[in-house]
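Protein chains: 2
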Amino acid sequence: MSDERKYRWVGTRPIRHDGVDKVTGRANFGADFSLPGMLHGKVLRSPHAHARIVSIDVAPALALEGVKVAITGADMPDIASEMGTAGEGQVDYAEVSRNVMAREKALYDGHPVAAVAATTSEIAEEALSRIVVEYEVLPHVLTVDEAMAPGAPILHDHLRTAGLDPVPDEPTNVAQRIEIGRGDLAAGFAEADEIVEHEFTTQMVHQGYIEPHAVVARSGEDDQSVVWCCTQGPFTVRAMCAKLLGLDVSKIKVIPSEIGGGFGGKTTVYVEPLAVLLSRKAGRPVKIVMSRQEVFRGSGPASGTRIRVKLGAKADGRLTAAEAWLAYEAGAFKGSPVVAGAMCMFAPYAVENVKIEGYDVVVNKPKVNAYRAPGAPPAAFAAESALDELARKLGMDPVELRLVNAVKEGSQAIYGPKFRAIGMVETLQAAREHPHLKAKLGPNQGRGIATGFWFNAGMQSSASVSLNEDGTATVVSGCPDIGGSRTSLALMAAEELGIDVQKVRPVVADTETIGYNDATGGSRVTFATGMAVIESARDVVRQLRERAASIWGVELEQVEWNDGQALPINGADEGELEPLSIGTLARRAARTGGPISASTSLTARGAGPSFATHICDVEVDPETGVVQVVRYTAIQDAGKAVHPGYVEGQYQGGAAQGIGWALNEEYVYDEKGVLQNPGFLDYRMPVASDLPMIDTVIVEVPNPTHPYGVRGVGETPIIPPLAAVANAVRDATGVRFGDLPMSPPTVLARLDAR
Amino acid sequence: MSDERKYRWVGTRPIRHDGVDKVTGRANFGADFSLPGMLHGKVLRSPHAHARIVSIDVAPALALEGVKVAITGADMPDIASEMGTAGEGQVDYAEVSRNVMAREKALYDGHPVAAVAATTSEIAEEALSRIVVEYEVLPHVLTVDEAMAPGAPILHDHLRTAGLDPVPDEPTNVAQRIEIGRGDLAAGFAEADEIVEHEFTTQMVHQGYIEPHAVVARSGEDDQSVVWCCTQGPFTVRAMCAKLLGLDVSKIKVIPSEIGGGFGGKTTVYVEPLAVLLSRKAGRPVKIVMSRQEVFRGSGPASGTRIRVKLGAKADGRLTAAEAWLAYEAGAFKGSPVVAGAMCMFAPYAVENVKIEGYDVVVNKPKVNAYRAPGAPPAAFAAESALDELARKLGMDPVELRLVNAVKEGSQAIYGPKFRAIGMVETLQAAREHPHLKAKLGPNQGRGIATGFWFNAGMQSSASVSLNEDGTATVVSGCPDIGGSRTSLALMAAEELGIDVQKVRPVVADTETIGYNDATGGSRVTFATGMAVIESARDVVRQLRERAASIWGVELEQVEWNDGQALPINGADEGELEPLSIGTLARRAARTGGPISASTSLTARGAGPSFATHICDVEVDPETGVVQVVRYTAIQDAGKAVHPGYVEGQYQGGAAQGIGWALNEEYVYDEKGVLQNPGFLDYRMPVASDLPMIDTVIVEVPNPTHPYGVRGVGETPIIPPLAAVANAVRDATGVRFGDLPMSPPTVLARLDAR
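Heads up: the protein sequence lines correspond to chains A and C, in order. Using our numbering, you'd call the opening residue of the first sequence number 62 and step up by one each time. Using our numbering, you'd call the opening residue of the second sequence number 62 and step up by one each time.
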C-alpha cells in the first residue's frame, strides 16, 4: 500500500526547477519570442453579436505600405464536420474553424472576420481599420432563456437537438439534451420528510489568466511550420492547426512557451492557425499577440447557466430524491460542459432516486472553453446551496447532513461507476474537527460550507527518463508546466532512482521530441504523466540492476536497487561485491550496453476522484452590500501530495477563483450584444487585498490505481466556493442568493428588500 | 539475408527533409542564433609558438565602455587529469581545459590566453588589444623530427612516454609509443624475392569546413546553461562544458544548430566553454563566432607525419613482410591518431609477418582533432605508395598485386579480429572491370590506384519513433545531420512502418530531449543510430499489431504487418476482418492503450569495415609543376546504400578532400612558429574548377551485423586519394613523391632535378 511506504522525495517541498528562471524574469512566455523578418498579425473582429457577412474587402488594407498579407474565412479550407478532442471535451473541427475565423456569419461580438500581417503591429492595426466588411445585422440571443424561447433567433440553421428520440427536424439553439438518472424520483420525493426547491443563475465568467494568447508561426516553402505559443496543449494546437489547414500533423511542430495561466482556457486554438496561415501566405514568420480586450471578447470563457434543483430528505437527513434541470450556455458553437456539471452535482452523495436533465444551448457569445472542473462549479453552487437550505429546514448541522449522505468506497456513483477508495468522508471529518468551524463569528458575519467533486482525468501521456553519464538524469514530458508539474515529475523520478531531486532535470519538450501527450488539464499531469515517468524510471532502474548484475556476473534477482545504488542480495552479498552507485553505473554504461534511458506512452486509467470541503466566513456590509470573505479553509483529498506546497497552491488558487465567480465576476453585455467590460478594470477579479490568507488542509486517501496514490488536485478547489460563499452570505443576512455574482448592488438591493 | 530482401524505401533517393530549408537559406547555422541582451565574446590568442605566461592584466580592457567581463585561465577550475571521450578518440580533460584556455604556458600560435565579452563585437575586439600579457618566449618545435631530437625544447615538463616498459623518467615530447605486430619479420623479409623501402612525410592539414565554430551560451542564476552551437557532438559539448566548469551535465543543455561541415573537427570544444563561463560571469547571453583565421590557428587540424615503410614480397606478389615506423604530430597536447593509422595501413592485406611502430609526438602547433578516418590517410599514403613501387619492381598490375593479398571473410585483421563478410576483393574486382582502368592516357598523363580501409564506428546512440495521431511519424535522434542522416533514418523508419518517407519527420533533438548519443562521426550515424531507429520502429510495429489483435480479438501471431497495414493471418484471415491501416490504428490509439511510440538506446557493435579502391588519372604540366586530376573513380563497399545519392556524395567529398591533401594543402609556419597561411586564400583547398566530376561505384557486400547490411561510408573515401594521386604522378613523371603536398614548386623542383 502506498500510504505505508516511506518516501524520501515524494512529499517534500524543494524549490521548483523553473523557479529561478521565473523570479528573475528570464523565463520566456508566449509574447517573448521573436524572429528576424517577422511580421505582426492582427485580427479584425465583428462588432455585432449576430450578423451575416455579405462581403469583405481587404484591398484597401493591402494597399497600405507595410501590409503584406490579409486573410478571411475564404482563405481557410472549408473542412467537413469531424469530432476531435480539445482539452477535456470533444469539438467539431468544422466549428473550430468557423470560431477561429467566421465564414458565413459573425456569431458574437469579437468573432474574427479577417486578419492581416504587416511589418509593425501599428501598421497592422491601421490596416484593420481599412478593411471593409458589409454586415447584415441579425437579431441575437444572449442567455439560455432567450435562446430556448419559442421563435428565438437561430444561430445555426442546420442545428438540431441531439439526445432527443427522434431528433426533431426544427432548427433550434438547443444543441443537445442529456438525462442522467436512477431509481424512482416520485417515490423518493414521496418518502421525503422535507423538500427544498430552488432556482439558480450564474453568469459567463473568464478564466482570467494573466498571459494573453500569443503565437509566432514560421512556415516554409516545404509546408513545414514551427509554432511557438503559450498553450496547455501543444499537441492539441498541432492537431488543430493541421486539421484546420489540411496538413499532416508531421508538418507542424509546436514549441510551447512558459505559460502564464490557462485554467482550461488554453486548450484550443484561436490565433494559432491564423498565424500559420498568414505565415504560409507571406513566406515570413508572423507573430500575433492578443490584447486583453481580445482575450475577453474572443477566447473561451465559462458558461452562464440556469439551474433548478429539488431535494427531498428524511428527518434524519438521509436524501431520498434529487432532481435537477440545467441549461448551459455553449457560446456560439455547441459544446458547453453541461454533461460534466450534471454528472458532478450530486456525485458526493449516495442518493438513490435521481433525475438530472441538461441542455447545451448556443447563444451569441464567445464559444465557451474549459475552466477548471468545467461545468461543475455552477452545478455544485446549485446543489450545495439547496443542501444548505435543506440542513436549515431539517435543523441539522450542514457537515453532518453531508456526512449522513456521503459516498464512500463501494458507493455507486450517480454517473455510473463504483467508487474505489475516496476521501469524501475524510474531508468532511477534517472539516468537522477544524478549529475554523468552532471559531466565533462577529456582527454581520456568517459561515457556510460546501463540498465539491471532480472525476479527474487520465488521458494520454508520454514521458522519458534518461540517465546522464555522470549519474544525473533528465525527465522529458510533453505537458506544459502550469502548476509545478516539472518538479512533481522530478520528485517521482528522484524517488524511483534514489537520487537528489536537484540532480533530476525536468524538461517540457516540443511536439517533435516526445510521444503524444494530451493537454495539461483535468488535473491529469502529476497523475497520468507521473505514471509514465514512474514507469520509465522503473525501467531505468531495471536496466541499472541488469548492468550491475552483468558487472558482478550474477543474476538480476541478486541485485537490489536501494537509495541510488545497486546492492548484492540473495547470495550475491556473500561475495566481496562493493555497492555500485548510479554514478558509477552511468559512467560505465557505454561499455555495458549503451546509454540508459526509457520512455513510456500510456492512456492512464483510474484517475482517482477528488473531494473537497470548504469553509467560508463572510462579513456583509449592510450599507454598501460589499461581501468580504474574512476567513476561508479549503480541505481536500490529494491522494498523496507529491509536492505539498503546490497542492496547497492549487487549493488556494481554486478557492480564490471560485470566490471571484461568487462575488463579482460576470460578462456584462449591452442590449446590442456588445461586451461592456472586456478588461480587468471593469471585469472585477479578486486581488490580494480582497482575500484573506486561504487556509488549507491536505487529506490523503491514496488513489489505489496510482503507484504513489496520487489524485489530481487542480480542479476540485474551484467547485465548492460558489456555494460556500452563498451559504455564508445566507448565514450572515438570512437571504438566499440564487443569482451570481453577489456583487454589491445586487446584495444591497436584496438586503434593502429584506 | 539482407541482400535478398526487397526494399521499398531503402535504396531510393528522395529529396532530403531538410533540403528546402537549406536551399532557401532558412536553415539556422551556428552564427544565425542571437538572443536579446546578448554580449559578444572575443578570444585573445597567443602570438608565440611557445611562451610562459608571466602575467595577464585585463583591467585596461574592462575599463573600456561596453566591456562587461573578461576571463583568463585563472577563472577556470584547475581540474584533475581524467580521460574522457571526444569524437572518436580519448582526451584528458585537464588538457582540454588548457587547450581551451592556456594556463601556465601558451603552446602554439593561436592558443587562447584570455577572453572578453562586450556589447558589440567591435568593442570586444578593441578590448583584446588592451589586454596586457607578459610572455617569456621559449624555444619551440614544429615537426616530429624537431620534437624527437635529443635536447629538444620540452612542451610539458610532466610528460613521459607511455607504452615503454619501464616508462623512462625523462621529460619528453613523445607522449606514447605503440607497437602492432605478428609473425616473424626477419623471416618474412628473408623469404621475400623483392623488397621496397620508402620514407614519407605529410603536413598538417585542416578539415576546411565552410562554417566556423559559433556558439551562444545563456547561463542563469540557477547555474543552468543553454548552449546553442554548431557541433558534431552536442553531448560531447555538454560533457566537456560540464567537466571543464565543474558542473553536473544536467545543468547544461546543448541545442545543436545545422552544421556547415565538420569532418571530425567539430567533435570537441573550443569557444563553447568560454562562452558559458563569460555568460555565467556576465549574467547575460554571450555569443562567440570564430573567424576563419581563428579556425585555422585555434581549432583541431590533422597531424603532419613522418612514416617509413618496408615491404617484402614473393615474385608472385604475395607479401611476406610489412614493416612501418610512424610518427604523428599531436599538436600541443598528446593524442594524435597514430594508433588508428598504424592499425589501418596494412589492414587490407593478409600479410603474416608485420611490425608497426608508432609515436605520438607533441609539437608547438594546434592540438590535432579527428579528420575523416583520423590517422589513416597518411599511413595509407605510405603503404599504398610503397605497394605501387613493389608492383613496379615485380612487374605486376597494381590491382592484381592487391587482389593476391586482399583480406576476405575469415582473414585475421592485423589489428586483431577476424573479418566477417567484407568487400575488399569486390572493390578491387569492380576496379579491374571498370572502363576507367582501360581508358587511354594522353601525354604527361599517368594513372594510379590505391585502396583504403576504415573500421567504422558503432558507439552509443539513442533514437525514438513516435506515431502521430494521423498515421504520420516522427523519428528523433541526437546526432546532428551532416551527411543526410535525417533522411537515411527516415528511410529506415519508412521501410519498417510501411509508410511514405515524406510522412516521416526526422528530427535532431537537443541533449535534454533524447537519450545519450555519441557524436556524429566515425561514419556511425546511419549504421548505429539507424539500428536504434530500426529497433524502435519494429517496436512500434509490434505495438500496432497488438492494437490490431486487440481490436480483432485475435492473437498477436495472427496479425501481420505489411505495407503500412495490419493483415489477419494464421486463421484470423478466415473471418471477415478488413485490414487496419496505420492511419486507422493511429486514430484509435487513445482508446486501445494510448500513444504509440518507442525509444531505443544502444552501444552498437559490429560496424562493418569498409574498403575502397580509387583510380586516379593526372596530367602533370612539366612547365609549371601543376598536377591536374583529369579523371577519378571512387569504388567502395557501402554494405547497403540506404540513400545512394548521399553515399555517392560521401565518396566524392572524401576523394576531393584527399586530392587536396595530396596536392596543395599544408600548414605553413615561419621560423618563429607563426602560421603563415590561416585563410582560404593562402591555404589552398580544391575548388570546383580544380576537379573533374568524380565517378563513383557503390559495391554492396552486406554487413552481416546490421539489419539492412549497412556499413558506414564517410571515412574510407579520404584514405586512398593521397597515394592514388602520388602513384598517378609517379606514372606520369617517373618520380616517386614521398613528401606531400605535391604542390607546383615541389613538383617542378623534382621534375627539374630528374
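Hint data in this document are derived by calculation from the structure and do not stem from the laboratory. It is possible that some hints are incorrect.
Repeated chains share a single entry, so a pair holds when one copy, or any two copies, can fit it.
[Stated by the list, open to error] Quick list of in silico lysine to aspartate or glutamate cross-link-like pairs, EDC-like style, CA-CA up to 20 Å: (1) Lys-499 - Glu-761; (2) Lys-733 - Asp-139; (3) Lys-83 - Asp-283; (4) Lys-371 - Asp-82; (5) Lys-469 - Asp-230; (6) Lys-83 - Glu-282; (7) Lys-375 - Asp-254; (8) Lys-83 - Asp-284; (9) Lys-371 - Asp-743; (10) Lys-342 - Asp-82.
As the structure is a prediction and not an experimental result, all values here were calculated from the model.
To see whether the hints hold, each was checked on the structure:
Neither within a single protomer nor between protomers do Lys-499 and Glu-761 lie at most 20 Å apart by alpha-carbon distance, with minima of 23 Å and 86 Å respectively. Taking CA atoms no more than 20 Å apart as the test, Lys-733 paired with Asp-139 passes in neither setting, with 29 Å inside one copy and 74 Å between copies. In this assembly of identical chains, Lys-83 and Asp-283 lie within 20 Å of each other by CA distance solely across copies; the values are 11 Å between and 36 Å within a copy. In this assembly of identical chains, Lys-371 and Asp-82 lie within 20 Å of each other by CA distance neither inside one copy nor across copies; the values are 51 Å within and 64 Å between.
Proximity of Lys-469 and Asp-230 under a CA criterion of 20 Å is satisfied in neither setting, with 44 Å inside one chain copy and 81 Å between copies. When the C-alpha separation of Lys-83 and Glu-282 is checked against a cutoff of 20 Å, the pair qualifies only between copies, where the shortest distance is 11 Å, while the shortest distance within a copy is 36 Å. Only within a single protomer do Lys-375 and Asp-254 lie at most 20 Å apart by alpha-carbon distance; the minimum there is 5 Å, versus 117 Å between protomers. For a Cα distance limit of 20 Å, the shortest separation of Lys-83 from Asp-284 across copies, 14 Å, qualifies, whereas the shortest one inside one copy, 34 Å, does not.
Within a single copy, Lys-371 and Asp-743 get their C-alpha atoms no closer than 35 Å, and across copies no closer than 93 Å, so neither meets the 20 Å cut-off. For a Cα distance limit of 20 Å, the shortest separation of Lys-342 from Asp-82 across copies, 17 Å, qualifies, whereas the shortest one inside one copy, 36 Å, does not.
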